[in-house]
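Participant: Residues per chain, in single letters:
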Amino acid sequence: MAERDLLVVKDLKKWFPVRRSLGQWMAGTERPAVRAVDGVSFEIRKQEIFGLVGESGCGKTTTGKLVMKLLEPSSGTLEFDGMDVTRVTAEELARYRRNVQMIFQDPYASMNPRFKIREVLDEPLSIHKVGADGRERADRIARALSEVKLTPVEEYLDRFPHMLSGGQRQRVATARTLILSPHLLVADEPVSMIDLSTRAEILHMMKDVQRDLGLSYLYITHDLSTARYFTDRLAVMYLGRIVEIGRPDDVIGAPRHPYTRALIAAVCEPVPGKVSTCREIPIKGEIPSAADIPPGCRFHPRCVFAGPECAQEPGPELTEVGADHGAACKRLSEI
Amino acid sequence: MNGGRLLYWLKDFWSEFRKVKSGLVGLAFLLLFLLSVVLEPLLIPFPETNKRWSDITYWDENPRSAPPFWTNWFTGKKSAVTERIRSFKAEERQSDGVTLRNLTFPYEDSFEYPPYDLIVHFSGKGSVPFLVALQRPDGEALELIRAQADLTEGEDFHVSVDKEARDAVMEYVRSKESEEAMSRLNRSALVPTEMIFAEAGPGMAAKPIALKGNYRVIVTLMILPDAEVKDPFLVVSGRVSGILGTDSSKRDIWSGIVAGVKWALLIGLLTAFVSVSVGVVYGIMSAYLGGWKDSLMQRIFELFISVPLLPILIVMSAVFKPSIWTIIVMMCAFFWVRPVKTVRSMALQIKEETYIEASRALGAGSGRIIFRHMVPLLIPYAFAVMALDVPSAVVYEATVSLIGLGDATIVTWGQILRGALTGGAVLGGLWWWVVPPGIMIALMGMTFAFVGFAMDKILHPKLRTR
Amino acid sequence: MGSVLEVRNLRLYYHTGKGAVRAVDDVSFSLAEGETLGLVGESGCGKTTMGLALLKMPTPPGRIEGGSILIDGRDIVPLGETAVRRTVRWVKISMVFQGAMNCLTPVYTVGRQMLETLRNHKTMARDEAERIIAMYLGLVGLSPETVRRYPHELSGGMKQRVVIAMALFLEPRIVILDEPTTALDVIVQAQIINLLKELKRSLKLSFLFITHDLATEAEVADRILVMYAGRVAEIGTNQQIFGGGSGHPYTRRLLAATPRIHEKVSELSFIPGAPPDLLDPPTGCRFHVRCPEVMDRCRTEMPPLVQVEDGHASACWRCVHG
Chain A
1 MAERDLLVVK
11 DLKKWFPVRR
21 SLGQWMAGTE
31 RPAVRAVDGV
41 SFEIRKQEIF
51 GLVGESGCGK
61 TTTGKLVMKL
71 LEPSSGTLEF
81 DGMDVTRVTA
91 EELARYRRNV
101 QMIFQDPYAS
111 MNPRFKIREV
121 LDEPLSIHKV
131 GADGRERADR
141 IARALSEVKL
151 TPVEEYLDRF
161 PHMLSGGQRQ
171 RVATARTLIL
181 SPHLLVADEP
191 VSMIDLSTRA
201 EILHMMKDVQ
211 RDLGLSYLYI
221 THDLSTARYF
231 TDRLAVMYLG
241 RIVEIGRPDD
251 VIGAPRHPYT
261 RALIAAVCEP
271 VPGKVSTCRE
281 IPIKGEIPSA
291 ADIPPGCRFH
301 PRCVFAGPEC
311 AQEPGPELTE
321 VGADHGAACK
331 RLSEI
Chain B
1 MNGGRLLYWL
11 KDFWSEFRKV
21 KSGLVGLAFL
31 LLFLLSVVLE
41 PLLIPFPETN
51 KRWSDITYWD
61 ENPRSAPPFW
71 TNWFTGKKSA
81 VTERIRSFKA
91 EERQSDGVTL
101 RNLTFPYEDS
111 FEYPPYDLIV
121 HFSGKGSVPF
131 LVALQRPDGE
141 ALELIRAQAD
151 LTEGEDFHVS
161 VDKEARDAVM
171 EYVRSKESEE
181 AMSRLNRSAL
191 VPTEMIFAEA
201 GPGMAAKPIA
211 LKGNYRVIVT
221 LMILPDAEVK
231 DPFLVVSGRV
241 SGILGTDSSK
251 RDIWSGIVAG
261 VKWALLIGLL
271 TAFVSVSVGV
281 VYGIMSAYLG
291 GWKDSLMQRI
301 FELFISVPLL
311 PILIVMSAVF
321 KPSIWTIIVM
331 MCAFFWVRPV
341 KTVRSMALQI
351 KEETYIEASR
361 ALGAGSGRII
371 FRHMVPLLIP
381 YAFAVMALDV
391 PSAVVYEATV
401 SLIGLGDATI
411 VTWGQILRGA
421 LTGGAVLGGL
431 WWWVVPPGIM
441 IALMGMTFAF
451 VGFAMDKILH
461 PKLRTR
Chain C
1 MGSVLEVRNL
11 RLYYHTGKGA
21 VRAVDDVSFS
31 LAEGETLGLV
41 GESGCGKTTM
51 GLALLKMPTP
61 PGRIEGGSIL
71 IDGRDIVPLG
81 ETAVRRTVRW
91 VKISMVFQGA
101 MNCLTPVYTV
111 GRQMLETLRN
121 HKTMARDEAE
131 RIIAMYLGLV
141 GLSPETVRRY
151 PHELSGGMKQ
161 RVVIAMALFL
171 EPRIVILDEP
181 TTALDVIVQA
191 QIINLLKELK
201 RSLKLSFLFI
211 THDLATEAEV
221 ADRILVMYAG
231 RVAEIGTNQQ
241 IFGGGSGHPY
251 TRRLLAATPR
261 IHEKVSELSF
271 IPGAPPDLLD
281 PPTGCRFHVR
291 CPEVMDRCRT
301 EMPPLVQVED
311 GHASACWRCV
321 HG
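Protein chains in written order, with the working numbering: chain A, 1 to 335; chain B, 1 to 466; chain C, 1 to 322.
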């Protein structure tokens, strides 16, 4: 683990057990589980924006919740700033919460609609008993709001969430995370429910905040285009595992894994001349259930390049294909 | 909940509430109830009703089992109404240091059925010989009572015509009736007031015809130098009495009813408030804690809910000395289960809200999430449940009182009903005794039901209240 | 061949307690046979309302205030509800609603729901109906076995295909699609788009494709209508709108705010501010408050739709003056 790593995730797994019928229990079959996260490893460096990209059901949100410690991992380790935080005491958890914060997808649902903005922002201070007196807390709140460019501050403090636009709410949500001066922000689809023209504004604000405060982000999204723009490094997930990881220019510009290639081929672009032709997407079939994962390379049933070795255990590990660029495929040299 | 937010919410709530007519009706009645509690001393003619409900002497002057005064409006033959006459003309004559005071109380008797009694009251000190005489509209005057009052400071002295004037009236009747009628007359069956207010002449003993007109009751007092007389008044104990009549123990039912309002409100509101508070917190905790704790709490809940309250109340009241506080505590112990199921399912939904997760992500503990996020969302529903619990509590208390296991030291509508039951009100046709407490219980139930339904309509499980 | 749909000066307002929200305010366009017209704009611009208006199904308290909607030359605005239901809706023009795939009832099988919809509109024998359903399921790329499944057993993409099949099987001339791919994953989205292109070709359908995503629009639409605050901002062909010669500042800025996957974009631009309140829209051009190229005239006078080139019109004073 390098000095520059803020968060290190090693072989993280989260399996959700599924109910068995009486017959299955008596037959002694192994209890099926939804393997939402099935062995994920990556590092987030200091002051870096790390993207986690994938389709729905790939496990990216669950990974985010594991990093946030809103869920307990089934196995694997989590290290933050050099310390093992896989299992923590209540006190350590409180300290962890001050260092790692989250921005949620739905800007309205993530705030209690009956709280005024002032109370929304005061809550973290009150929980962690930060701020010696009312004045100091008001100061922190004001500073957080200015950081996200919601000024003049007095205009917003006494409003309710429904009085703000989606973009403004997301700014408040960001301010709420910043108020405890964290080091890592987990952002789960922060702009997907916001208007197109405001999306860039919010991402812009988030980048400014990152630079000003020297934060790291774990940016979770299904939108490859914004991931390319926003992240410093990113990982592509499929069915609970990382299939490719590296810098956006490499992963998106020159993808090596067949799944990444299919994803990129499927993305639409606002350029003319595409109407008459059907897009060629190099992928077969549908996503299987996470309770019933294919053996060997879990992508192989859908892969257009699959060979006989792809169905055999063990599955592929991340292999280095370039500087700081890895892909998990057994047939990298052939494709 | 800070003041500003509360005010905003109240304004919002009121504008919605105004639109629901039944709610306004309920609210109006509630205000009437509250007003009657505040103005109780002014409303009831017997201020010590609460303390002296069981004290027979306090009610002595009322007629027994008398219908309400307004029944006169519906009958052809009117009955004398119970009155207190405080206005009089006073004349004084002094001689040798002795004051001879004449108090003239005017009384208009326009009734077919004369009063049961005339009672003269006064207080003061010293020994005061006095005379009570009646001046009839046909010009005749008769002396009713000649006696001496030994007055003690601070105590009220009263003398009743029905009790003391028997001999004088007998004489009067003898002077008017035939020898034959007199011999048939039973002295103890004589009702003095029937005679003195009847037309004088033969046949008056057997079938007295009421002599209507202006009567004057003259009280002559011989006040010696060291004696003193003050606050004289005359009580006419009529055949109909009070706004709601009297019961077989001569108690004014209107006073009892009005005095019962505060008990009903206390029992209802206290039980409702305590039990709903407990129930709501219980439901939320059960939902939030989840897992085996939730299961355990639900099993405990099921235990309580399957126990029938009334038999328990009866047993408890039979074992312990029944006091209103014991009854309230028992009711609370069982009423708390009412909102639990609904609150739990609402809380389960709230638990899944993103902002709850966000709070946890911020580091909030269970206590904070339950009390700062979840409880405020359920307070509106809690109020609706409280409103509907109030009549239940009142009826339970009434039921317990009816069986005789209630708190006999206070006046509740249930107690009045109990009195009616044991006093033979139904068989005796004393409808004014039975009907009012029942109506009041129903009215209170209706009031809170209306308010509760209106609140429920507006505040019903809306989890995203804007 | 004339246009299969022609909208002239359509106005639809929502009459709320606070006043009239001018959701669609004087919109005109035409749709030719076999063409896909893309209706694009941000949330609140009126595009969904537009779609509902074409079916004469405005959400109450909405009401069509004026203008005409001609389908195959016949104006449907003056028609009564029964006539619309029997002769227009799902017969001439059908719609795949936003989030329709989530509106499939979970308690009935897919087949049962499709059967019910089909036989509600056309009296036919049961086996005839089943044959049609099987045919259209095949057309959207689903196996005929799907009729026995329940909606929760299907993936998002499959559910969307079912809903598309239901919009098609009465063989309408026009199909309106409101954000049909927004809730879907990238790959499924691409597959559905391919399906739509295929259907357009084989069935000679006309599509009205409503979305806020410019990138998707570029992929599917022959012509594009950009809406802003209830009015038409720009209308043109795919090439004209996306080819770089865009005539309206709003469209240009919207394009600049759309991230591209194949370009390394260092700075993503955005449009400051928010769309206006349609209860009380600004005077003059509705975009002028946020427009980087605003002139004095824009603040006071509403710009008309002027032709920039053949088939390309823009409602901007700059196109008049330059």
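Don't take every hint at face value.
[Claimed, not checked] Taking CB as the label site, the calculated pair distances span:
| hint | chain 1 | residue 1 | chain 2 | residue 2 | range |
| --- | --- | --- | --- | --- | --- |
| 1 | A | D158 | C | L79 | 47 to 55 Å |
| 2 | C | E153 | A | Q312 | 29 to 37 Å |
| 3 | A | E320 | C | L203 | 47 to 55 Å |
[Unchecked claim] Below, in silico cross-link-like pairs of lysine to any residue (SDA-like), each with a Cα-Cα straight-line distance of 25 Å or less:
| hint | chain 1 | residue 1 | chain 2 | residue 2 |
| --- | --- | --- | --- | --- |
| 4 | B | K351 | A | M68 |
| 5 | A | K274 | C | K197 |
| 6 | C | K264 | A | F16 |
| 7 | C | K197 | A | R233 |
| 8 | B | K293 | A | F16 |
| 9 | C | K18 | A | F16 |
| 10 | C | K264 | A | G273 |
| 11 | C | K18 | A | G273 |
| 12 | B | K457 | A | V275 |
| 13 | A | K284 | C | P151 |
| 14 | C | K197 | A | S276 |
| 15 | A | K274 | C | L199 |
| 16 | C | K200 | A | F160 |
| 17 | C | K204 | C | G44 |
| 18 | C | K204 | A | T277 |
Note that these hints are calculated values from the structure, not bench results.
Keep in mind the model is a prediction, meaning the values are calculated, not measured.
Idealized CB from N, CA, C, for every residue including glycine.
Participant: For every hint, state whether the structure bears it out.
Facilitator: So, going through the hints one by one against the coordinates:
{"no.": "1", "hint": "D158(A) <-> L79(C): 47 to 55 Å", "verdict": "holds (50 Å)"}
{"no.": "2", "hint": "E153(C) <-> Q312(A): 29 to 37 Å", "verdict": "holds (30 Å)"}
{"no.": "3", "hint": "E320(A) <-> L203(C): 47 to 55 Å", "verdict": "holds (50 Å)"}
{"no.": "4", "hint": "K351(B) <-> M68(A)", "verdict": "holds (18 Å)"}
{"no.": "5", "hint": "K274(A) <-> K197(C)", "verdict": "holds (11 Å)"}
{"no.": "6", "hint": "K264(C) <-> F16(A)", "verdict": "violated (39 Å)"}
{"no.": "7", "hint": "K197(C) <-> R233(A)", "verdict": "violated (35 Å)"}
{"no.": "8", "hint": "K293(B) <-> F16(A)", "verdict": "holds (21 Å)"}
{"no.": "9", "hint": "K18(C) <-> F16(A)", "verdict": "violated (50 Å)"}
{"no.": "10", "hint": "K264(C) <-> G273(A)", "verdict": "holds (21 Å)"}
{"no.": "11", "hint": "K18(C) <-> G273(A)", "verdict": "violated (45 Å)"}
{"no.": "12", "hint": "K457(B) <-> V275(A)", "verdict": "violated (53 Å)"}
{"no.": "13", "hint": "K284(A) <-> P151(C)", "verdict": "holds (22 Å)"}
{"no.": "14", "hint": "K197(C) <-> S276(A)", "verdict": "holds (8 Å)"}
{"no.": "15", "hint": "K274(A) <-> L199(C)", "verdict": "holds (16 Å)"}
{"no.": "16", "hint": "K200(C) <-> F160(A)", "verdict": "violated (47 Å)"}
{"no.": "17", "hint": "K204(C) <-> G44(C)", "verdict": "violated (31 Å)"}
{"no.": "18", "hint": "K204(C) <-> T277(A)", "verdict": "holds (16 Å)"}
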